[in-house]
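Participant: Sequence:
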Amino acid sequence: MNRQKSYKELDSQGCLYLVPTPIGNLEDISYRALNILKTVDFVASEDTRNTQKLLNHFDIKVNQISFHEHNSQQRIPELIDYLQAGQSIAQVSDAGMPSISDPGHDLVKACIEENIRVISLPGATAGVTALIASGLPSDTFTFVGFLPRKKGEQKAIFQKLIGREETQIIYESPYRVKTTLENMLEIYPETHPVVLCRELTKIHEEYLRGSIRELLEYLGEHEIKGECCLMIGGGQEQLSTLHEEQLSLTIKEHVETLMSDNQLSSKAAIKEVAKLRGMKKQDIYKEYHDL
43 MNRQKSYKEL DSQGCLYLVP TPIGNLEDIS YRALNILKTV DFVASEDTRN TQKLLNHFDI
103 KVNQISFHEH NSQQRIPELI DYLQAGQSIA QVSDAGMPSI SDPGHDLVKA CIEENIRVIS
163 LPGATAGVTA LIASGLPSDT FTFVGFLPRK KGEQKAIFQK LIGREETQII YESPYRVKTT
223 LENMLEIYPE THPVVLCREL TKIHEEYLRG SIRELLEYLG EHEIKGECCL MIGGGQEQLS
283 TLHEEQLSLT IKEHVETLMS DNQLSSKAAI KEVAKLRGMK KQDIYKEYHD L
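When we follow the numbering used here, the leftmost residue of the sequence shown carries the number 43, and every step to the right adds one.
Keep in mind that the hints were calculated from the coordinates and are not lab data. One should not assume that every hint holds.
As the list claims (entries may be wrong) - Derived pair list, reagent style DSS-like, types lysine-lysine, alpha-carbon separation capped at 25 Å:
1) Lys193 with Lys294
2) Lys294 with Lys309
3) Lys294 with Lys267
4) Lys202 with Lys50
5) Lys151 with Lys220
6) Lys244 with Lys294
7) Lys47 with Lys202
8) Lys328 with Lys309
9) Lys294 with Lys202
10) Lys323 with Lys313
11) Lys192 with Lys244
12) Lys220 with Lys193
13) Lys244 with Lys220
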């Protein structure tokens, strides 16, 4: 067991502060975050050039140490030595909360093992900021973060997510989001609700709310820019509706309903019914064609 009294039991060791930075709009930084950045001995930055722009904007003079996924294992012992010597460090990522999709978690664990205080400041985080304006349920959610790039690995993750009740949050590049939605379409019904938010807190902030198919059609005609947050609606409500309505149909009726409602070919509708019912496509084909 590790017990930390963040403020009452000060000692000769330094303190690691986890300081959130704006995800776009610089006005989102807090007074407390600025005060910490002004008073620590070092700032451990994911990208020192990016953080320097922030420091310059607020006229903060502090030394930076590069700390990112490619040098973290070599850098952590050095940072621990500074902290044990009584110096304090603020760890920041390029945007938002540190320790989320960056190597800060390993540094936090190392500090805890050495009984060095770790203090987290509240602040901007893209996933939750996008979620609460998405229109999808926000009372429960799962943060997935960045997906692997390989199609098979993505589909394996979607297979695990499709039955979950809560909204899921994914970070994605604007250059890959269309492919990611295409991979989703092989697992999810094309009518499944998704929301894509880009350029969060910036002048070109945009929410695209609709089904997987609707977003794919939009992306087929429009180029998007800026980091994206993709939110997937929970599946339980949709699966419940499916059981109550669609599964009461015969397989043939189910195929014909999808063909009519979604303007699908028989081949595409058969594939969709197989996916929705958890059956083999060949079995749906035979049933539909009375073979």
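Participant: Evaluate each hint against the coordinates.
Facilitator: Hint check results:
Among the hinted pairs, lysine 193 with lysine 294 is inconsistent with the structure: their alpha-carbon atoms are about 31 Å apart, more than 25 Å. For the suggested pair lysine 294 and lysine 309, the alpha carbons sit about 12 Å apart, so the restraint of at most 25 Å is met. Using a Cα cut-off of 25 Å, the hinted pair lysine 294 and lysine 267 is violated, with the two alpha carbons roughly 43 Å apart. Distance restraint check for lysine 202 and lysine 50: the Cα-Cα separation of roughly 44 Å exceeds the 25 Å cut-off, and the hinted pair is therefore not satisfied.
With a C-alpha separation of about 36 Å, the suggested pair lysine 151 and lysine 220 falls outside the 25 Å cut-off, and the hint is violated. Straight-line distance between C-alpha atoms of lysine 244 and lysine 294 comes to about 49 Å, which puts the hinted pair past the 25 Å bound. In summary, the hint linking lysine 47 to lysine 202 is not supported, as the alpha carbons are separated by about 39 Å, beyond the 25 Å threshold. Taking the CA atoms of lysine 328 and lysine 309, the gap is near 12 Å; set against the 25 Å cutoff, the hint holds.
A C-alpha spacing of about 28 Å is found between lysine 294 and lysine 202, which places the hinted pair above 25 Å, so the restraint is violated. Simply put, lysine 323 and lysine 313 have alpha-carbon atoms about 6 Å apart, close enough for the 25 Å limit, and the pair holds. For the given pair, lysine 192 sits about 30 Å from lysine 244 by alpha-carbon distance, which is inconsistent with the 25 Å threshold. Taking the CA atoms of lysine 220 and lysine 193, the gap is near 12 Å; set against the 25 Å cutoff, the hint holds.
Distance hint between lysine 244 and lysine 220 is fulfilled; the C-alpha atoms sit about 22 Å from each other, no more than 25 Å.
Hints 1, 3, 4, 5, 6, 7, 9, 11 from the list above are not met by this structure, while the remaining hints are.
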